[in-house]
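**Q** Going down the list, the sequences are from chains A and B.
In terms of our numbering, the first sequence has 136 at position 136, counting the first letter as 1, and numbering is strictly consecutive.
If you want our numbering, it's the 1-based position in the second sequence plus 293.
Hints are computed from structural coordinates only; laboratory data are not their basis.
A virtual CB, placed ideally from N, CA and C, is assigned to each residue, including glycine.
Don't take each hint at face value.
[Stated by the list, open to error] Now the in silico label distances, taken between C-beta atoms and shown as ranges:
1. ARG406(B) to LYS253(A): 51 to 59 Å
2. GLY246(A) to TRP367(B): 52 to 60 Å
3. LEU91(A) to ASP383(B): 41 to 49 Å
4. THR259(A) to ASP383(B): 48 to 56 Å
5. GLU115(A) to ARG406(B): 22 to 30 Å
6. PRO429(B) to ALA179(A): 36 to 44 Å
[What the hints assert, rightly or not] Residues on chain B that point at chain A, a partial pick, calculated with CB under 10 Å:
7. ASN369
8. GLU381
9. GLY405
[What the hints assert, rightly or not] Here chain A is said to cover these stretches of chain B; the calculated rule only asks that three of the stretch's residues, wherever they fall, bring their Cβ under 8 Å from a Cβ of chain A:
10. 352-366
11. 384-393
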Amino acid sequence: MTEPASIMTDGPDSSAGGLLSTSPSLRLSRRVPLSALMTLLRITIERQVRGSRSLAFGLLHLVPILIAGVTHYYVGGFDTDRLVNLLIYGLIPQALIPLTALLFASGMVNDDLEERTLTYLLIRPIPKWMIYLAKIAATILVTSILASFSMLGTLAAIYWGEPNLLETVLRTHGPIVCATSFLSLAAYVPIFGALSLLARRSLIVGVIYVVVLEGLLANIDFVVRRGTVMYWVRVLWIDWLGIPGGPWSIQSKTAPSATIALCALIGAGLVIAVAGSWIFSDREFRVKTTESS
Amino acid sequence: MNQNPAKTPAIEFRSVSKWYGQVIGINNLSLSLPPGVVGLLGPNGAGKSTLLQLATGQLRPSQGEVRILGHSRWNNPGLNRLIGLCPEQDAFFEWMSGRRFLTSCALLAGLGRRGAREAADRMLELVKMTRAADRPIAGYSKGMRQRIKLAQAMIHDPEVLFLDEPLTGTDPVGRREMLDLIVQLGDRARTVLVSSHVFHEIQSVTRSIVLINRGRLVAWGDIRQIRDLIDKHPHRIVLRSGNVRELAARLVRHDDVVGIELRRDDGSIIVETRSPDRFYSRLPELSLAGDTPIDEVYSDDDNLEAVFRYLVSA
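Extracted from the complex, chain A is given alone in its bound form (with noise of 0.2 Å):
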C-alpha cells in the first residue's frame, strides 16, 4: 500500500478513489466458451447421479417393471390394456415423472448451495443465468432417462412373451411414451426449479402441486386443466397413440391439437426456465463459511 496508515474509527476513508483514476485498465470478454458449459454440464449431471438420491429414485423406477412382472407371470386372466392404462398412462406419469422432477429439480441449486460448492460456478466467467440454464439441461436429461428406463421397461414386462413386444417396445408405444415424458420433464423441471428459488418449503409446496394439480385438477374437464401438464400429455397421446380420451374428458375431435400440446409444453418450460433464470441471477447466495456460522 502507498497511501499512509490511518486509523479508522468511524465514516469512510475519504482517500478512496480520491487521487486513483477509477477506470477500467482491462476490458472484459464477455464470451463464454462452449467447453465451460459442457463442464458445468457434466459436473451437474454428476452431481444428480451420484447422490443418494438418484438411487432412491432409480429402485422407485422399477417398482412399475415390478408390478408389471409380477402381474404379467402371477395374476389370472392378465389384460395388457388395463395395465398399460394403470402404469403407462397413470401411476409413471401421473406420479413417478413428476416427483422425480421436482426431486432432482429441487435440488439442482439447493444441493451445490447446502454441500457450499455454488461458489466454484459462481466465481467463474459464465452469466449466472447460464449456469442455472445449464443446470436445467442437465436435469432434464438425467430425469428424462431415468423415465424412458421406467417407461420402456414396464412396456417390456407388460408385453412380454407377446408377438408384438419389439414392435411395441421400439417403435410404436416406446418412442412416444419416452417423447412426452421428455417433454412433460421439460416443463416439470423449470416448474420445479424455479419453486426452489421462490419457496423456503418447496419440497411440500411441489408435492401440493402435483396432488392438486396434476392429480386432481387434470382430470376436471375445466378449463383450469390447460394450466396442467399432464393435460398436454394426454392430448399428445390421443393425438400421436390413437387412444380415445374418455376415461381423462378429452373429446378427440374437440381437443386442441398436438402442435398446440407441444407449443404449450415446450412454450411452458421455456418461459418458466427463463424466469427462474432471471431470479437465479438476480439472486444472491450466501454461503456460509466458519465466520458467517
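Got chain A; can you put chain B on it based on the hints?
**A** For chain B alone, kept in the frame of chain A given last:
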C-alpha cells in the same frame, strides 16, 4: 491490454455496507488497494468473508459500490476471468480427483481443453500435489485440500487473488510453502488479498494490512506505521516473578502504570504502561530489590495480535 495499471486501484470499496436483515456484515467501508499482497485481518465474525464475497461478486452491496480493476463487481461475470478466489469453506466436488477438479475449474474459467489440462498439471506441480493428483479429493487430508483449493484459485492466472483463510489446516511445511507462494504472487505484481485471523501468518507475507472488526474498517496501511500510531495506547508487558503481589504493589505507585492484571495460573502479571521506555529502565532496580525478583519479562505487544487488540478496543 493493461492500459494504466499504476493508476487504477485493483480493489476498491466505496462506502460499502452489507446488511443481512437486521445484522450488519459490512458497515460503510471505503478502501482502495493497489497491486501487491495485502493482509485482511480481523477476528472471527469481523466481516472478512463478507468483504471477500462482496469483492468476488457473490454478494451485492446493500449500499455503495465495489469495483475490481475499475469494473463494477456485481453481476459482471466477465470480471471473473481476472480474479481468483480460494474460499474459506472446505467444500469440493468430492467425487473428483484433484487433477479432474482442477481441470474442471480451468475449463469453467474459460481455458480450452488442452490449456486446462496443462494448467492443471502446472498447478499440481506448484502446490506439490502431483503425486496425489489422481486420488479422489474425498480421501485428501485437510492440508492437501487446502493446496488444491489454492491451486484452483490460481489456475487461470488471475490478476487479483482473494484468499480466505488459506492456511487453515496446513502443516508447517505446507504453510511455509504457501506463504512463499503468496509472496511470489505479490512480487509478480498481482494483487493478493489474504484474509486471516492469525496475525503472524499475515505478518510473514506482507507489511500491508487492513484491519476490520464488526464490519468496520479499523485501520489500514503499513504495520509499522500502525504501530507508531498506537504508541499512545498502553503497552502490555508481562512480568513473571515468585512474588507477584509485592511486585504489583510496587509497580502501581508509578504514574505511567495504568493497569495491572494478575494471572493466577502461571505466576505472572501483565502491566499496562503508557511509557514503556521508562518502565523498562526501572525494572533492573525492581528486580534487584530482593523481595521482588523478576524471572522473565516479555512484551505482550510483539505480534500483530496485540496491535489488533489495541485497535479494536480503541
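**Q** Should the interface hint for ASN369(B) be scored as holding, given a Cβ-Cβ cut-off of 10 Å against chain A?
**A** 7 Å, holds
**Q** Kindly confirm whether 22 to 30 Å is satisfied by the beta carbon distance between GLU115(A) and ARG406(B).
**A** 26 Å, holds
**Q** Check the following: the C-beta atoms of ARG406(B) and LYS253(A) are separated by a distance inside 51 to 59 Å.
**A** 55 Å, holds
**Q** Could you tell me whether the CB distance from LEU91(A) to ASP383(B) stays inside 41 to 49 Å?
**A** Holds - the Cβ-Cβ distance for LEU91(A) and ASP383(B), about 43 Å, lies within 41 to 49 Å.
**Q** Verify this for me: three or more residues of the segment 384-393 of chain B with a beta carbon less than 8 Å from a beta carbon of chain A.
**A** Holds, because 4 residues of the segment 384-393 of chain B bring their Cβ atoms closer than 8 Å to Cβ atoms of chain A.
**Q** Taking the Cβ atom of GLY246(A) and the Cβ atom of TRP367(B), is their distance within the range 52 to 60 Å?
**A** Holds - the Cβ-Cβ distance for GLY246(A) and TRP367(B), about 56 Å, lies within 52 to 60 Å.
**Q** At the C-beta level, are THR259(A) and ASP383(B) separated by a distance inside 48 to 56 Å?
**A** At 52 Å between Cβs, range holds.
**Q** Report holds or violated for chain A covering the segment 352-366 of chain B, Cβ cut-off 8 Å, minimum 3 residues.
**A** Three-residue rule met by the segment 352-366 of chain B, so holds; n is 6.
**Q** Between the beta carbons of PRO429(B) and ALA179(A), is the distance compatible with 36 to 44 Å?
**A** 38 Å, holds
**Q** Are GLU381(B) and chain A close enough, Cβ to Cβ, to be under 10 Å, as the hint says?
**A** 4 Å, holds
**Q** Closer than 10 Å between Cβ atoms is the bar; does GLY405(B) clear it against chain A? Give me holds or violated.
**A** Holds - the Cβ of GLY405(B) comes within 10 Å of chain A, reaching about 6 Å at its closest.
The structure meets every hint from the earlier list without exception.
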